[in-house]
Amino acid sequence: MSDTTAPGATAPEFRPDRKKRSRHVYNLVGLVTFVVMAFPVYWLVVSALRPNNEIRSYDQKLWPNSITFDNFSRAIDAPNFGTAIQSSLIICVTAVLGAMVLSTIAAFAIGRFRFAGRKVFMIVLLVVQLLPPTAMLIPLYIQLNDLGAINEYWGVIIIYLVSTLPFATWMIRGFVVNIPLELEEAAMVDGCSRMGAFWRVIFPLLAPGLAAASIFSLINAWNEYLLAYIVLQDNDKYTLNVWLMNFTTSHGTDYGALMAASTMIAIPVVAFFMIVQKKMAAGLTSGAVKG
Amino acid sequence: MSAADIKTAGPEVSASRPPRGDGPAPSAPRRSRWTNGPLLPYLLIAPAVVALAAVFVWPLIKTVIMSFQDVGRRELWTGQAAEWVGFEQFTNILGDSEFYDVVWRTVLFMVVCVVSTLAIGLFLAHSMQRMTKAVRLLLTGALIAAWSLPLLVATSIFRWFADSDYGVANMVLTEYLGLDFQGHNWWLDPKQGFLMIGAVVVWGAVPFVTVTLYAALTQVPSELEEAAELDGAGRVGVFRYVTWPVIKPVFQMVATLSVIWDFNVFGQVFLMRGNKPEEEYNLLGLYSYEKAFESNSFSQGAAIALITVLLLSGVAVYYLRQLLKIGEVE
Numbered sequence: 001m002s003d004t005t006a007p008g009a010t011a012p013e014f015r016p017d018r019k020k021r022s023r024h025v026y027n028l029v030g031l032v033t034f035v036v037m038a039f040p041v042y043w044l045v046v047s048a049l050r051p052n053n054e055i056r057s058y059d060q061k062l063w064p065n066s067i068t069f070d071n072f073s074r075a076i077d078a079p080n081f082g083t084a085i086q087s088s089l090i091i092c093v094t095a096v097l098g099a100m101v102l103s104t105i106a107a108f109a110i111g112r113f114r115f116a117g118r119k120v121f122m123i124v125l126l127v128v129q130l131l132p133p134t135a136m137l138i139p140l141y142i143q144l145n146d147l148g149a150i151n152e153y154w155g156v157i158i159i160y161l162v163s164t165l166p167f168a169t170w171m172i173r174g175f176v177v178n179i180p181l182e183l184e185e186a187a188m189v190d191g192c193s194r195m196g197a198f199w200r201v202i203f204p205l206l207a208p209g210l211a212a213a214s215i216f217s218l219i220n221a222w223n224e225y226l227l228a229y230i231v232l233q234d235n236d237k238y239t240l241n242v243w244l245m246n247f248t249t250s251h252g253t254d255y256g257a258l259m260a261a262s263t264m265i266a267i268p269v270v271a272f273f274m275i276v277q278k279k280m281a282a283g284l285t286s287g288a289v290k291g
Numbered sequence: 001m002s003a004a005d006i007k008t009a010g011p012e013v014s015a016s017r018p019p020r021g022d023g024p025a026p027s028a029p030r031r032s033r034w035t036n037g038p039l040l041p042y043l044l045i046a047p048a049v050v051a052l053a054a055v056f057v058w059p060l061i062k063t064v065i066m067s068f069q070d071v072g073r074r075e076l077w078t079g080q081a082a083e084w085v086g087f088e089q090f091t092n093i094l095g096d097s098e099f100y101d102v103v104w105r106t107v108l109f110m111v112v113c114v115v116s117t118l119a120i121g122l123f124l125a126h127s128m129q130r131m132t133k134a135v136r137l138l139l140t141g142a143l144i145a146a147w148s149l150p151l152l153v154a155t156s157i158f159r160w161f162a163d164s165d166y167g168v169a170n171m172v173l174t175e176y177l178g179l180d181f182q183g184h185n186w187w188l189d190p191k192q193g194f195l196m197i198g199a200v201v202v203w204g205a206v207p208f209v210t211v212t213l214y215a216a217l218t219q220v221p222s223e224l225e226e227a228a229e230l231d232g233a234g235r236v237g238v239f240r241y242v243t244w245p246v247i248k249p250v251f252q253m254v255a256t257l258s259v260i261w262d263f264n265v266f267g268q269v270f271l272m273r274g275n276k277p278e279e280e281y282n283l284l285g286l287y288s289y290e291k292a293f294e295s296n297s298f299s300q301g302a303a304i305a306l307i308t309v310l311l312l313s314g315v316a317v318y319y320l321r322q323l324l325k326i327g328e329v330e
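Sequences listed follow chains A and B, in order.
Reminder that position 228 of the first sequence reads as 228 in the working numbering, one-by-one numbering, no gaps.
Reminder that position 13 of the second sequence reads as 13 in the working numbering, one-by-one numbering, no gaps.
Keep in mind the hints are simulated off the structure, nothing from the lab.
Just so you know, not all the hints are guaranteed correct.
Unchecked claim - Facing chain B, according to a computed beta carbon distance under 8 angstroms, are these residues of chain A, among others: (1) 53; (2) 55; (3) 113; (4) 175; (5) 176; (6) 273.
Said to hold, decoys possible - Subject to a maximum C-alpha distance of 30 angstroms in a straight line, what follows is the list of computed DSSO-like cross-link-like pairs (lysine-lysine): (7) B:276 x B:325; (8) B:248 x A:20; (9) A:61 x B:325; (10) A:20 x B:133; (11) B:248 x B:133; (12) A:119 x B:325; (13) B:62 x B:276; (14) B:191 x B:276; (15) A:119 x B:62; (16) A:119 x B:133.
Quick caveat: nothing in here was measured; it's all calculated off a predicted structure.
Heads up, the beta-carbon is just placed ideally off N, CA and C, and yes, glycines get one too.
Let's have the full structure, built from the sequences with the hints guiding it.
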């Protein structure tokens, strides 16, 4: 399963006479599925852009009659929007940078050396990704509480950093094993130390892998909400996802603003996702589990 | 950059090199055994090992410890040592009929979601091979857009669909299908509620399954399929004897991951029900969360979490065996 989703790749050729009619059927299946899969995304954007009187209408229309940015301004003006962006950025970027450092050196070790315990370490990387996140929540919460990390960024950062570590390590390892050993050895023959060989030869070649792995980690950290919801307690420390929950109150939900805010949160994720999507599927089935 | 590019870029090196990791490379300057000896790989994985131990292994051990104690709000805030209660938490949970309801509901929900996801995914992947390129590209775009939406956002959209007054689901059912769904509340009956929750789970999982299975299906040689057809195999026969053997490993992997993911569904329910799901909506994860963070009995929550992990461990072992068999861990 080396290369996933090359959409135009090797469509089997069928004899046209018998297959022509069934092709129409399959096209119809494709179009119907397209509508079903795309409709929620469409509805998100449409709801974000239509005026509130159309949203709170007993007679919903599938097309908007007019377009407005009121929902967006209401979402942006909601309390703590700015601090939520700041919190999300601080937490996610720090966690991802940390995760990249740790996972690169670990991936280099398991990709380049054979040592006792290597296989065990690799299996551990897989197993920890299978643990139910909610099962880990309780002990982690208690541990963070004991360390005084409740309502602190660093508690969330550490958890995010380590949660993305197994996936990132597994992925970067895939890039390490594809770099020929001879390159590194040649550098060492030419007088580089092992560190020098790593920095001058391996690291530049790893850059695309690191970029992909950090985007994955970033998406995962950006999408997490439960731990942040439990650990962060001050309104001005909420991450964007926790902030998003504020649109649902006991008086009901402001769906227009919720959809506008959701759109803003989703845009960076969707954009980054498009960049690494192909590697995503391959990574998921080849052992790096978390989605 | 492909491996071939790198190879030609690098200087030729004789093949008779000592195996990697067996001490310093001959011509490298001699360093201390820390930076260039057999200890180096251990040194490199050490930070990751420590981090994983702190955030995964220790909490797991702590879960086991806690489920034999009685950790409540008081122990949490005063730091007072928790009392050991033996198997009391487990006897309490296993003696509670709600627990069995929750387990049954979780398993049923998981099975329904996994079967529908895999069936839809396989059917779509199969169809994608046979549709015209333009339609396939269109569909791929929609799949990827759906895949990339954060769970929180996707769940918000489906909650908005299901809104009783202004939801588009009721509108479509009433106006286009002629059913009486005006003002219908989807959440009163958990069966209908879980239909909505299942919809967001399946909708979110179908892209990954379809895209992966499609990639596997493109590996099936079309000559083989045609040969089988010429030899008189029906559609079912071709699939059963030609296609299936090729895609089986990938299918098993996807199925196992789906089981694990759908067994652990949490956010979709939690967010759909406004962060406080009713009792009838409890799945195992939510049940454990509720005991710990709503009822402040962290030990009960931990015990339920431990039971969840044990229930899933069989599937996890199966998944690892698959990976080892196809040689991913090498």
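The hints, checked one at a time:
1. 53: Given a least distance of 11 angstroms, the restraint on residue 53 of chain A is violated.
2. 55: This interface hint holds because 6 angstroms falls under the 8 angstroms limit.
3. 113: With Cβ-Cβ at 4 angstroms, under 8 angstroms, it holds.
4. 175: violated (11 angstroms)
5. 176: Hint violated; residue 176 of chain A Cβ to chain B Cβ min 11 angstroms, cut 8 angstroms.
6. 273: Residue 273 of chain A check passes; min Cβ-Cβ to chain B is 4 angstroms, inside 8 angstroms.
7. B:276 x B:325: Violated, because 43 angstroms separates the two Cα atoms, which is more than 30 angstroms.
8. B:248 x A:20: Since the Cα atoms of residue 248 of chain B and residue 20 of chain A sit roughly 29 angstroms apart, the hinted pair holds (cutoff 30 angstroms).
9. A:61 x B:325: violated (53 angstroms)
10. A:20 x B:133: holds (14 angstroms)
11. B:248 x B:133: holds (26 angstroms)
12. A:119 x B:325: holds (14 angstroms)
13. B:62 x B:276: holds (26 angstroms)
14. B:191 x B:276: Roughly 18 angstroms separates the two Cα atoms, so the pair holds.
15. A:119 x B:62: holds (25 angstroms)
16. A:119 x B:133: violated (43 angstroms)
The structure fails to meet hints 1, 4, 5, 7, 9, 16 from the earlier list, while all remaining hints are met.
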